[in-house]
Each structure stands twice: as structure tokens, then as C-alpha cells.
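J.: Now for the letters of each chain:
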Amino acid sequence: MSVNALIVAFLLVAIITWLSSFISLKILKGRVPGAAIAIITGLVLAFFGGKWTGGNKGISDVPGLAGFALLGSGMLRDFAVVATAMGSSLKEMKKTGWIGLISLLMGVFVSFFPAVIIAYAFGYRDVVSLTTIGAGSCTFIVGPVTGAAIGADSSVIAISIAVGVFKSVFVTIFTAPLAKWIGLDNPQSAMAYGGLMGTTSGVTAGLAATDPKLVPYGAMTSTFATGVGCLLCPSICFFIMKLILGQ
Amino acid sequence: MCFLAGQFAGESLGVLLGIEANVGGVGFSMILLMLSTDWLQKRGFLPVHTEQGILFWSLMYIPIIVAMSATQNVFAAFSQGFMALLVGIIPTIFLFLCIPVLIKLLLK
Chain A
22 MSVNALIVAF
32 LLVAIITWLS
42 SFISLKILKG
52 RVPGAAIAII
62 TGLVLAFFGG
72 KWTGGNKGIS
82 DVPGLAGFAL
92 LGSGMLRDFA
102 VVATAMGSSL
112 KEMKKTGWIG
122 LISLLMGVFV
132 SFFPAVIIAY
142 AFGYRDVVSL
152 TTIGAGSCTF
162 IVGPVTGAAI
172 GADSSVIAIS
182 IAVGVFKSVF
192 VTIFTAPLAK
202 WIGLDNPQSA
212 MAYGGLMGTT
222 SGVTAGLAAT
232 DPKLVPYGAM
242 TSTFATGVGC
252 LLCPSICFFI
262 MKLILGQ
Chain B
-14 MCFLAGQFAG
-4 ESLGVLLGIE
6 ANVGGVGFSM
16 ILLMLSTDWL
26 QKRGFLPVHT
36 EQGILFWSLM
46 YIPIIVAMSA
56 TQNVFAAFSQ
66 GFMALLVGII
76 PTIFLFLCIP
86 VLIKLLLK
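If you read the sequences in order, they're chains A and B. Heads up: the first sequence begins at 22 in the working numbering, then just goes up one per residue. Heads up: the second sequence begins at -14 in the working numbering, then just goes up one per residue.
Treat the hints with caution; some may be incorrect.
[As the list claims (entries may be wrong)] Going by beta-carbon spacing under 8 Å, a handful of chain B positions derived as facing chain A: (1) Leu25; (2) Val33; (3) Gln37; (4) Met45; (5) Tyr46; (6) Ala52; (7) Met53; (8) Ala55; (9) Asn58; (10) Phe63; (11) Thr77; (12) Phe81; (13) Cys83.
[What the hints assert, rightly or not] 27 Å max Cα-Cα, derived DSS-like pairs, lysine-lysine: (14) Lys78/A to Lys50/A; (15) Lys234/A to Lys50/A; (16) Lys89/B to Lys47/A; (17) Lys47/A to Lys234/A; (18) Lys263/A to Lys50/A; (19) Lys89/B to Lys201/A.
It should be emphasised that the hints constitute simulated quantities derived from the structure, not laboratory data. Note that CB positions come from ideal geometry on N, CA and C, so glycine has one too.
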């Protein structure tokens, strides 16, 4: 693979990300997060890549677009995801206190197990796939990170990304309308909300549409959610799944 | 460095638990990064460039996720689109239902 291929990938992804941001803000007025649009675009590209080439590596099977495989590689992905933790600090963590901790734990487990049940109902039986899809229901990062860590098939990882994206969009759309009903009108509830829902793109977009002042509080906890999910899903959740299924 | 240390911890934990996988390596790395940048910042050992370097990579994460998404075998996964929708939405509905419960719990 030539160096140029990587640059091509960079350029195309930059265009996609920029366009998605534009569509999200100017055309959809923030109703769908830019990140969600960008990721859906990536998935769509992957679909056509597979359709046209008959390969199983999405768009990177298309000659000239192999750079996507390096840009989206597990190593770079994990590295970038870990880097996002730098925005968080221990001080902030302590501020969220018990609300943060409980909501984060609930967020993972309340998403994970129903998700696994649904996947099981649709026919998935192996521990790796079930855990990956369950992880996807936490956030669209936790799914693929977990899947890569425990060796899931690429198609299952794709599903986990889709799951996370659907969740993010759902949270964005329904936060504002449901806010009053669920008591989302103060910093504490926003923090609980962020930790519980987990998807930072969904939470920040949803809170922005509800009450912009709540956004930092929700983001404070939701930022940790990906980290907590990445920690718990490939370990404890995977372990529990193995016990339940006897694999 | 935090990344490698974290990944190593994850692999080690995986081996310890007898699982052929990197259990939570990313999670460990994130914790390590938070702790060490905090520690370094307090002591003034975190150069601006290092901080900005880490910031660069954290901003790169969405583009990288986009590229990652574009290389998945979506064609094979496509038929499962409806299931993905349900898995995305139903657990999330449960979460929404938990919020009032959680808030009441915390107010005690």
C-alpha cells in the first residue's frame, strides 16, 4: 500500500466529516449529530465497497482506497480513543461523585443485557458476537473496541457500530421532548443522564436542544461512559456471558 | 506510553482470566492517561506540546472511527439492519425509564 493511499483516505474522511458537520448543523439544525452522519456515511461506503468488490473489508478493498484500512485500523483507533481521556481529569471525576459512578455502571449493564437478549432472539448464539452487539448498545465506540479485543467478525463489528449510531440519534431526538417527563432540568440530573445514556454525541446534542446550560454536566459523565464501557464489556460482561452460555 | 502500558495490563488480565483477548486494555489505558496527565500537570511536567499532541489525537478519533466504519463488512451485516435498530433503541428506552428512578434514588 503506497503512502499516497493513506493521504487519500485522510482527505476523503476529512471531506466526509466536514460535510456531515455541515449537514447536521445547517440542514438538520442539529437534530442528528454530525458524528452520526459521518459514521453512517462510512458504513454506507463500506456497504458499496463490499458490494462492488465482493471483499469483506468494506471500502478498503477498492483499489486506491486501501488507505482507509490503515486510518481505521485498531491500533490507531484505540490510540485516539485513549487520547480522548485526557480531556477528563480526576477533579471532574470527583465532582460527579456517586451520581456519576452509579449512572455509569447502570448505563453499561441496563444497555448490555437487553441488547444481548434481542441479539439472541435474532439468532446470534456465540459469546463473542453477543458481547460485541451488547457492547454496541453502550456507545458506538465501545462496540468495535470490544469486538476487536475479543475477536469478533467484521460484520458483527459493523452491526455494533450501527447499534451505537442508532442509539446516538435516538438520544439526540428524544432528549428534549422527554426532558420534563424524566426530570432533566438541573445539573445533577444532567450528570446522571450523561452517565446513563453514555453516548457523548447523543447526550451533548440532546441537551443542547433541551437546555444548553446542562450540556457540560451531561458531557462530564458521558465522556467517562466510553471508557467505562471499554473497560467492562470485554472483561466483566464478556466473562458473565461466558458463564451464562457455558462457553 | 500509557497506551502500551494499558494494553499490556489488558493482555495480562486476559491471560490471568484465561481468555484469549485484550480485556479492557483501552479502559485501563484511559485511566492511566488521566492519572498521569493529572499528576504531571500538578508538578508542571506536562509541556504544552505534549498536551496539544494528545489533544490532536483525541480530535482525530471521529475521523478514525469513520474510516474504521468504512472498512467493516457492512455488506454481510446489512440484512441485520432491523435488528441493529431494535438493539439501538429498546435498551435506550429502558435507560430513559431509569432516569426518574435514579434521580429519586440520589435525592435520598
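J.: Hint by hint, note whether the structure agrees.
T.: Here is what the structure says about each hint:
no.	hint	verdict
1	Leu25	violated (11 Å)
2	Val33	violated (13 Å)
3	Gln37	violated (10 Å)
4	Met45	holds (5 Å)
5	Tyr46	holds (4 Å)
6	Ala52	holds (3 Å)
7	Met53	holds (3 Å)
8	Ala55	holds (4 Å)
9	Asn58	holds (4 Å)
10	Phe63	holds (6 Å)
11	Thr77	holds (5 Å)
12	Phe81	holds (6 Å)
13	Cys83	holds (6 Å)
14	Lys78/A to Lys50/A	violated (33 Å)
15	Lys234/A to Lys50/A	holds (18 Å)
16	Lys89/B to Lys47/A	violated (38 Å)
17	Lys47/A to Lys234/A	holds (22 Å)
18	Lys263/A to Lys50/A	violated (44 Å)
19	Lys89/B to Lys201/A	holds (15 Å)
Violated hints, listed in ascending order, are 1, 2, 3, 14, 16 and 18; each of the other numbered hints is respected by the structure.
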